[in-house]
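These protein sequence lines map, in sequence, to chains A and B.
Just so it is clear: in the first sequence, position 83 is 83 by the working numbering, and no numbers are missing.
Remember, the working numbering sits 1000 above the position in the second sequence when you count from 1.
Dumping the calculated DSS-like pairs for lysine-lysine here, alpha-carbon to alpha-carbon at most 30 angstroms: (1) K1235/B / K213/A; (2) K1396/B / K1310/B; (3) K1289/B / K1093/B; (4) K235/A / K1093/B; (5) K66/A / K1093/B; (6) K342/A / K306/A; (7) K1066/B / K298/A; (8) K1466/B / K479/A; (9) K479/A / K466/A; (10) K235/A / K1235/B; (11) K213/A / K1213/B.
Counterexamples of contact, computed for chain A against chain B with all Cβ distances above 10 angstroms: (12) P23; (13) D146; (14) A207; (15) M279; (16) I295.
In short, the hints are calculated from the structure, not lab data.
Beta carbons: idealized from backbone N, C-alpha and C, even for Gly.
2 protein chains.
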Amino acid sequence: MRAEASQLKIYDSLAGEKRNFTPLKEGFVGFYVCGPTVYSNVHLGNCRTFISFDMVYRYLIHLGYKVRYVRNITDVGHLVDDADQGEDKIAKKARLEQLEPMEIVQQYSLDFHHVMSQFNAIPPNIEPTATGHIIEQIQMIQAILDNGFAYESNGSVYFDVEKYNESHPYGELSGRKIEDLISNTRTLDGQEEKRAPLDFALWKNAAPEHIMKWPSPWGVGFPGWHLECSAMSTKYLGEEFDIHGGGMDLKFPHHECEIAQGTASNGKSPVKYWMHGNMLTLNGQKMSKSTGNSILPKELFTGDNKFMEKAFSPMVVRFFMMQAHYRSTLDFTSEALMAAEKGYDKLMEAVKTLQDLKVTNESSMDVPALIGQFYKAMNDDFNAPVLVAQLFEAVKFINGVRDGKQTISKDDLASLQTAMHDFVVEILGLENAEQGGEEKLAPVMDLVLDLRQQARANKDWDTSDKIRDGLAAAGITVKDSKEGSTWS
Amino acid sequence: MRAEASQLKIYDSLAGEKRNFTPLKEGFVGFYVCGPTVYSNVHLGNCRTFISFDMVYRYLIHLGYKVRYVRNITDVGHLVDDADQGEDKIAKKARLEQLEPMEIVQQYSLDFHHVMSQFNAIPPNIEPTATGHIIEQIQMIQAILDNGFAYESNGSVYFDVEKYNESHPYGELSGRKIEDLISNTRTLDGQEEKRAPLDFALWKNAAPEHIMKWPSPWGVGFPGWHLECSAMSTKYLGEEFDIHGGGMDLKFPHHECEIAQGTASNGKSPVKYWMHGNMLTLNGQKMSKSTGNSILPKELFTGDNKFMEKAFSPMVVRFFMMQAHYRSTLDFTSEALMAAEKGYDKLMEAVKTLQDLKVTNESSMDVPALIGQFYKAMNDDFNAPVLVAQLFEAVKFINGVRDGKQTISKDDLASLQTAMHDFVVEILGLENAEQGGEEKLAPVMDLVLDLRQQARANKDWDTSDKIRDGLAAAGITVKDSKEGSTWS
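Can you build the whole structure from these sequences, using the hints too?
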């Protein structure tokens, strides 16, 4: 374990403040993140959440923790409008496309995994599905029933919120008061099974035409959406675990219900640190498919969209996301992404430059202090934008050494090389977007630069101009210095 | 639907002969393939099976069928030595590596998906897991019990093979006689629960230390390995479906048991066409981890192995596999792969050449007849090696046209372009291995060839030699013809 691990503070949404991070079991972290409902191509806003928690996961690993990272796939039970009534999101899509629901699940799980891999997100250690844990969900419902916090009604089972609230504060995570919740809740049609409007479904009886259904002690049906995360986190991380992450929009009711379900089934509040990532907006407005103010990852990467002036690589988008704190909203605009692209290129260029710097006896900068700032930023609730600012301090210094205006000692160079790799590649998860192509390009570019050198030596300006123009057309820029020419 | 679809014949392992293919429902194909047990990196022999069935899937789609392709992931129940006693393969690996079994499942599912994607195999439409279908398996066991073909013993449930054999021929798929099977089976220790040694487990009671276990009407336990495929194929394809594929080694007992389970639970033999892919050997011997005569896909692609002289790309390996019929054994040797690499390059080069051929009024070859041969090969039980031979007839012709020795008409060129794309790219699943790199390389190579042309025009032999050597060092060969220079 790194010494810096003892300094980590995490903003806990339940406490409403930053708290020192001490895991339940020394050296180990149990980490659960609510995954996607796989009924459509993954939303860019969801991607931001998953990339934020990928950065958290990477930093915990870097600190030396053995992390068990569980992120679920919701493939049943999530009803349209996140409600207790209505059609299952996946079943609806399956009906529209005349497919078996599991074909929809497969199609969009593949899309999700593909996009996550483009964003260089590390897959979780376990990726459980809701349909794969029906038995565990039934067992948890039974325990909640046995403890008196739920009731059966017409083949469905509902969580009794008011009963639970007598002994436990329902609404504590989202800061809601139950009286306000009750007065703000209308009784909707089709909710006659419930004793009170605030109650939420643990198990729903299934109409005969319903495809995704299983037998249970209460009849044939399917689990409520909130339940799966409680059942799967308990199975793989235990009744109490360290960190639970998810999007801000899941705080209420989803995570509030998770606390209630865990507590009602085994008497323990399940999560030690609740973390919530903030929203993404597009040109200042909420992203929404229905208003058309929405963009898919693929459309961003190919440039095939009406919002952006050009295509942006997944690594530039990832870097852009890292420039905002995960708890702040982030606005996608063409201008902001262009600026991020420049910053990203500059950063990656400096990482490359760092490999070939010349050393002297003394450093003109306090390199250990600079690296200390990297840790300080990340230990302050994973403050990636502050880290990025510090990385650009390093970039300035690296370029200064390259240009002979600054100096670096041998030991400092080794430390800075390690630290830049750790923080840029391992923790922020940025990799050189062009890597694959460059391998093949490199030997040919050696040849071209050689021919260019020769043409200049011969004062053959026609040829040297032709090479310059040809490379420009290929999107390659060449930089000359005393040490020779480099290209990017 | 293409007219050629009516000519398809499939070798049905149960009938022991090629049969005309007529699906249960016109225009639709239900297709199930036994997937991997995810407790280690996927074996090259398994890859061959999956690539063979990927080719089958691709051809069925090409013919115009709407195919529902289901391939499972075995994540519980497959015991060491494929036996009824002993440790679960995944639980054993989890114990050795001190991980939760589902972490093992995730690690090797990711490996499997990655390798399949390198081999350009299309993912199935549904990829169900055994742990995700415990309820369905329990329901099927109950049906078999109710029908009198199974018995409970000490919290386990066994299939009663002799009872089943009174009314149905057990052993029909593998051509075994039950008398021989009985006389060849020894009673092993720990099998006291069984009435007869041939009986196989549908449900196993779980020892207290067992991690992967679920409640059932017979106590806490886990499903038998053979059962999952029956339960999942029934759920997603129905009690009877068209094609079931798998490796030859699964014929007995796994597929034999699937027939028995399906028949015993609902009275129907589940599969209309049984297909079995053959083995892969390495230097003439069975691949086996224990003897060290084994090679992983990754080791093949990187060249990091003791068997091959060099690295081979996934597409070359795939092409190599397509040069043998899926029902024949195939021997991996360095020499054979080198030869395949040459053939693959020649084929892909011709596909490229085909884009720029000059047309004349008449073709010197009967192109529609040649294309007819492509279909004839594939319609003969997916005879890919015969298809490859016919594709090389096309290569010869294409190069002949390029060299001015043969001619092709405009219509024939269009048909041949379509057919070569269909059979090489869509059906054999071969894509240009260098594509990614070439995109970036192309504009720079345009420049280099231009400079080379200029040097030659100026009789500047030094420069032209330098370019030749530089390109050779980069592994690029240039071909000159009247129409200009091409590189590869």
